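Asks: The lines below spell out each chain.
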Amino acid sequence: DAKTTQPPSMDCAEGRAANLPCNHSTISGNEYVYWYRQIHSQGPQYIIHGLKNNETNEMASLIITEDRKSSTLILPHATLRDTAVYYCIVRPYGGATNKLIFGTGTLLAVQP
Amino acid sequence: DAGITQSPRYKITETGRQVTLMCHQTWSHSYMFWYRQDLGHGLRLIYYSAAADITDKGEVPDGYVVSRSKTENFPLTLESATRSQTSVYFCASSEGYNEQYFGPGTRLTVT
Chain A
58 DAKTTQPPSM DCAEGRAANL PCNHSTISGN EYVYWYRQIH SQGPQYIIHG LKNNETNEMA
118 SLIITEDRKS STLILPHATL RDTAVYYCIV RPYGGATNKL IFGTGTLLAV QP
Chain P
889 DAGITQSPRY KITETGRQVT LMCHQTWSHS YMFWYRQDLG HGLRLIYYSA AADITDKGEV
949 PDGYVVSRSK TENFPLTLES ATRSQTSVYF CASSEGYNEQ YFGPGTRLTV T
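In the order they appear, the protein sequences are chains A and P.
Take 58 as the starting number for the first sequence in my numbering and just add one per residue.
Take 889 as the starting number for the second sequence in my numbering and just add one per residue.
Since the hints were derived computationally from the structure, they do not count as laboratory data.
One thing to keep in mind: the hints can contain errors.
[Stated by the list, open to error] Rough simulated footprint, nothing fancy, chain A against chain P, three-plus residues with beta-carbon under 8 Å:
1. 929-940
2. 973-985
3. 990-997
[Claimed, not checked] Computed footprint of chain P on chain A; a stretch qualifies when at least three of its residues, placed anywhere within it, have a C-beta under 8 Å from a C-beta of chain P:
4. 75-86
5. 98-109
This one's a predicted model, so the numbers in the text were calculated from it and none came from an experiment.
Just so it is clear, CB atoms sit at the ideal spot from N, CA and C, and this is done for glycine as well.
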């Protein structure tokens, strides 16, 4: 079962920041937080991941709380093309298996 | 072209037929994965492979067979297709435990 909880849907105005929350209260010390998104009818796309420090790349920023029980994915200037289902996944880096367990994600609708 | 490709993109087959879905990646990634995506279930892992000739079951392996004789290819075979295997199938690859890259998907309909 997925170890994360996300709101089923969110709206965001085009050009504004989109802040997508994720709760992972049972996260273990060796587990990373990964974010993927899936635009309609396409394969999932990797966005970003982090362990405990905030991370930023060309697509997004990831803010992880100090206790690591929740995180927020930030798309700084959302566009219509960012409309997608966003998945928050926790997973250890290394170990016996290399699996991603997808939950139901958050459907982000960017409005013009 | 570089990347991960799947073929066919669309397939309609009849119950009981054998079907093979192909996946090819050009990065020489060690890991490859097969997922299926159904309404109400999200993405579920069928099989994965850590290297050539090494495969392991995921969450929903029943009714599927995989092989990996070459690093770049990871075919998925439905030995006797059933209507419950109607789904969208995604292949993915990763270098070790790094991020996974997904293919465009194969939409399979079993009639």
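Asks: Next step is simple, just say for each hint if it's right about the structure.
Replies: Hint-by-hint comparison with the structure:
1. 929-940: Three-residue rule met by the stretch 929-940 of chain P, so holds; n is 6.
2. 973-985: holds (count 5)
3. 990-997: holds (count 4)
4. 75-86: violated (count 0)
5. 98-109: holds (count 7)
Hint check: a violation occurs at hint 4 only; the rest are consistent with the structure.
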